[in-house]
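Enquirer: Letter by letter, the chains look like this.
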Amino acid sequence: EDKVVQSPLSLVVHEGDTVTLNCSYEVTNFRSLLWYKQEKKAPTFLFMLTSSGIEKKSGRLSSILDKKELFSILNITATQTGDSAVYLCATQGGSEKLVFGKGTKLTVNP
Amino acid sequence: DAGVIQSPRHEVTEMGQEVTLRCKPISGHNSLFWYRQTMMRGLELLIYFNNNVPIDDSGMPEDRFSAKMPNASFSTLKIQPSEPRDSAVYFCASSARILSAFFGQGTRLTVV
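Residue numbers (the working numbering), protein chains in the order written: chain A, 1 to 110; chain B, 111 to 222.
Quick caveat, the hints were computed from the structure, so don't treat them as lab data. Here the structure is a predicted model, which means the values were calculated and not measured. Don't take every hint at face value.
[Stated by the list, open to error] Computed list of lysine-lysine pairs in BS3-like fashion (alpha-carbon distance at most 25 Å, straight line):
| no. | chain 1 | residue 1 | chain 2 | residue 2 |
| --- | --- | --- | --- | --- |
| 1 | A | K41 | B | K134 |
| 2 | A | K67 | A | K3 |
| 3 | A | K41 | B | K188 |
| 4 | B | K134 | A | K37 |
[Claimed, not checked] So, partial list: chain A residues that the calculated Cβ filter (under 7 Å) puts toward chain B:
| no. | residue |
| --- | --- |
| 5 | M48 |
| 6 | G93 |
| 7 | S95 |
| 8 | G103 |
[Unchecked claim] Here are the in silico distance ranges between beta carbons for each label pair:
| no. | chain 1 | residue 1 | chain 2 | residue 2 | range |
| --- | --- | --- | --- | --- | --- |
| 9 | B | P191 | A | K68 | 44 to 54 Å |
| 10 | A | E15 | B | E172 | 43 to 53 Å |
| 11 | A | K68 | B | I165 | 24 to 34 Å |
| 12 | B | P191 | A | V12 | 22 to 32 Å |
| 13 | B | S117 | A | E69 | 41 to 51 Å |
Here a beta-carbon is modelled for each residue, glycine too, at the ideal position from N, C-alpha and C.
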């Protein structure tokens, strides 16, 4: 059975801090790993990673995948209160099944 | 494109009633997913379709739940009879083969 484990489950930081969120996975016929941000409504897409070692960046957010060790990290630098959200990691296998971890709840205090 | 469209946005129903949730995926997307989200369990995959065919329904909690996708532009998730423990936010998402999945705004279901 495909499995995605995220850590930590929750994190409280101050504005300006840098955070690293972790995602480890076991999936049959791995195709991609995706990161989403969920505030009060639906998850919104951040990154899709398919190859090891290639960093994806978007502003203060970046992510990288290690297919040998079966994990990914999401980094957020110079955090802002607007970064407060649940960050979800998901994997997509050969059958295109999309399985999510339980998420990391990030709280950024002013 | 308007994105994934779900209806209704909110549903309050009495225990024992039938509930039908609806989803219109993004045009051209060939995979459709139904998820249930609760505080305790997070986002659980209930069922997903590929090219309108159900591929994996192992996440469907029990026989009270059923899902259909009669064509590429419409899917339903039905709960009959509904129970208070079914209260959750139900999300529909769609994806194309090489793209990420996009979510609808969800249906918040409350069964009293």
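Enquirer: Compare the structure with each hint and give your call.
Expert: Going through the hints against the structure:
1. Restraint check for A/K41 and B/K134: the C-alpha separation of about 18 Å stays at or below 25 Å, so the hint holds.
2. In summary, the hint linking A/K67 to A/K3 is supported, as the alpha carbons are separated by about 15 Å, within the 25 Å threshold.
3. Distance check on the hinted pair: A/K41 and B/K188 sit about 22 Å apart at the alpha-carbon level, within 25 Å; holds.
4. Of the pairs offered as hints, the one joining B/K134 and A/K37 holds, with about 22 Å between alpha carbons and a cut-off of 25 Å not exceeded.
5. Hint on A/M48 holds. Least Cβ distance to chain B is approximately 5 Å, under the 7 Å limit.
6. Against a cut-off of 7 Å between C-beta atoms, the interface hint on A/G93 is violated, since the closest Cβ of chain B lies about 10 Å away.
7. The beta carbon of A/S95 is positioned within 7 Å of a beta carbon in chain B (closest approach about 6 Å), and the interface hint is therefore held.
8. Of the supplied interface hints, the one on A/G103 holds, with its beta-carbon coming within about 6 Å of a beta-carbon of chain B, less than 7 Å.
9. Range check, B/P191 to A/K68: about 49 Å between beta-carbon atoms, so the 44 to 54 Å window is met.
10. Between A/E15 and B/E172 the beta carbon distance is about 46 Å. The supplied range of 43 to 53 Å therefore holds.
11. For A/K68 paired with B/I165, a C-beta distance near 28 Å keeps the hint of 24 to 34 Å intact.
12. At roughly 42 Å, the beta-carbon separation of B/P191 and A/V12 lies outside the given 22 to 32 Å, and the hint is violated.
13. Look at B/S117 against A/E69: about 42 Å separates their beta carbons, and that is inside 41 to 51 Å.
Violated hints, in rising order: 6, 12; the structure is consistent with all others.
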